[in-house]
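Going by my numbering, the residue at position 347 of the sequence shown is 601; the numbering climbs one at a time, nothing skipped.
Heads up, a few of these hints could be off.
Cβ pair distances, simulated, as ranges [claimed, not checked]:
#1 Leu-522 with Asp-551: 29 to 37 Å
#2 Ile-534 with Asp-267: 28 to 36 Å
#3 Gly-527 with Thr-624: 25 to 33 Å
#4 Gly-332 with Glu-391: 19 to 27 Å
#5 Ala-596 with Ala-386: 31 to 39 Å
#6 Asn-441 with Ser-537: 40 to 48 Å
#7 Gly-332 with Pro-443: 52 to 60 Å
Once the Cα atoms are required to be at most 25 Å apart in a straight line, the calculated BS3-like pairs of lysine-lysine come out as [to be verified]:
#8 Lys-330 with Lys-622
#9 Lys-409 with Lys-362
#10 Lys-326 with Lys-513
#11 Lys-528 with Lys-622
#12 Lys-312 with Lys-362
#13 Lys-513 with Lys-480
#14 Lys-305 with Lys-361
#15 Lys-362 with Lys-330
#16 Lys-326 with Lys-367
#17 Lys-330 with Lys-264
#18 Lys-513 with Lys-312
#19 Lys-599 with Lys-330
Just so you know, these hints were derived from the structure itself, not from any lab. We put the beta carbon where it would ideally sit given N, CA and C, even for glycine.
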Amino acid sequence: MLLKTESYTKPDDLGFYGEFGGAFIPELLRPNVEELDQVFMKCLSDEQFQKEYIQILKDYVGRPTPLYHSEKLSEKYGGTIYLKREDLNHTGAHKINNAIGQILLAKKMGRTKIIAETGAGQHGVATATTCALMNMECIVFMGEIDIARQTPNVKRMQFLGATVIPATSGSKTLKDATNEAIRFWINNPDSYYLIGSVVGPHPYPEMVAYFQSVISQEMREQLQQKTGSQLPTKVIACVGGGSNAAGAFYHYYREPEVKLIAVEASGLGLDSGKSAATSILGSPGVLHGSMTLLMQDESGQVTEPYSISAGLDYPGIGPLHAYSINEGRTQSVSVTDQQALAAAKALTRSDGIIPALESAHALAALEKITIESNDVIVVNLSGRGDKDMEHYL
């Protein structure tokens, strides 16, 4: 059974982490999210549900993922650096952890039509995969620009049987795909919206963080075996909405000696007008059903984000991260396109591991933080770079 922690990961009864969170949704969707909340709460203590979830993660997804000690990164930066290899999951990223958990919830609720949004395509692939596994209809909304820059994942989704619908409004990226998915959900309330990150109305942020918490649960056990302590000194993860970071940080929020570092995409630079560094450039506002930090203009209109990474190209951040950064529990660092590309190339040449562009941002943060010789650092390698080869080449 997955462990549960109350520190930072348990919102209040209305779904708020401090001032962030909640459920700002049309009345038509209120029954859906209330039913989901009730079913999710029951499943937390349902031994059969937990057993089935853990078994699928083990036999189908391939968990636990390795905690790999990179001798070359350790030599380069000092300290002892580990990579949590979420890129080795079935479908190539951490997204499958959450997709499996939610598809089991949908099954319990009697839903057979699944809808999802995707940016880089990894959540779309994970959702299409679980739908194929459970024999359910799958509809994935994806920005028109992301469809063009993540073609391999679009083909994977289609081959798995999913219908991929382009979002052609706004910036034609993740934000707009999410808008389209919510519109479809309003018009088709009998469907199940399988959100891919720690965003959206309560209970989604809490729920997605919980299903991703297997990452830090494994990290604790693996570090104990490798170092004699469950605690690293630093955990680094990239953040768009923030699902992989929520999973990597989950069981360390209650350990103040562990420094948590959230890495956002600053695109062409913080002052360039082409950035997605929400925690630095954003301010409180409502986006996609929750109060959070988001990039907006003086009249409250959402401004268009930019990143070379489709998975980080989002104008908001999960309310859990907004709260933990606001409280000072999590440190926010931003990385440019060029810094991420350089980090991806460096890891590929030094260790023979091609990271996703999203994960490359987390790796690039090693250049921007102070590292002591006694540091034990875990970088969450959230996905593999097959989908990003055109960018890299």
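The hints, checked one at a time:
Hint check: Leu-522 to Asp-551, Cβ distance near 19 Å, so the stated range 29 to 37 Å is violated. Our hint of 28 to 36 Å for Ile-534 and Asp-267 holds, since their Cβ atoms are close to 31 Å apart. Checked against the hint of 25 to 33 Å, the C-beta distance between Gly-527 and Thr-624 comes to roughly 30 Å, which is consistent with it. Between Gly-332 and Glu-391 the beta carbon distance is about 51 Å. The supplied range of 19 to 27 Å is therefore violated.
For Ala-596 and Ala-386, the Cβ-Cβ distance of about 37 Å falls inside the hinted range of 31 to 39 Å, so the restraint holds. The given range of 40 to 48 Å is broken by Asn-441 and Ser-537, whose C-beta atoms sit roughly 31 Å from each other. Range check, Gly-332 to Pro-443: about 54 Å between beta-carbon atoms, so the 52 to 60 Å window is met. Only pairs whose Cα atoms come within 25 Å are accepted, and Lys-330 paired with Lys-622 is accepted, the gap being roughly 13 Å.
A C-alpha spacing of about 29 Å is found between Lys-409 and Lys-362, which places the hinted pair above 25 Å, so the restraint is violated. Restraint check for Lys-326 and Lys-513: the C-alpha separation of about 22 Å stays at or below 25 Å, so the hint holds. Between Lys-528 and Lys-622 the CA atoms are separated by roughly 20 Å; this keeps the pair inside 25 Å, and the hint holds. Straight-line distance between C-alpha atoms of Lys-312 and Lys-362 comes to about 21 Å, which keeps the hinted pair within the 25 Å bound.
Proximity of Lys-513 to Lys-480 is assessed by CA-CA distance (about 19 Å); at most 25 Å being required, the pair is judged to hold. Of the pairs offered as hints, the one joining Lys-305 and Lys-361 holds, with about 15 Å between alpha carbons and a cut-off of 25 Å not exceeded. At most 25 Å may separate the alpha-carbon atoms for a hinted pair to count; Lys-362 and Lys-330 exceed this at roughly 49 Å. Among the hinted pairs, Lys-326 with Lys-367 is inconsistent with the structure: their alpha-carbon atoms are about 47 Å apart, more than 25 Å.
The hinted pair formed by Lys-330 and Lys-264 fails the criterion: a straight-line CA distance of about 38 Å is larger than 25 Å. Pair hint Lys-513 plus Lys-312 does not hold up; C-alpha atoms about 29 Å apart against a cutoff of 25 Å. For the suggested pair Lys-599 and Lys-330, the alpha carbons sit about 15 Å apart, so the restraint of at most 25 Å is met.
Hint violations for this structure: numbers 1, 4, 6, 9, 15, 16, 17, 18, all remaining hints satisfied.
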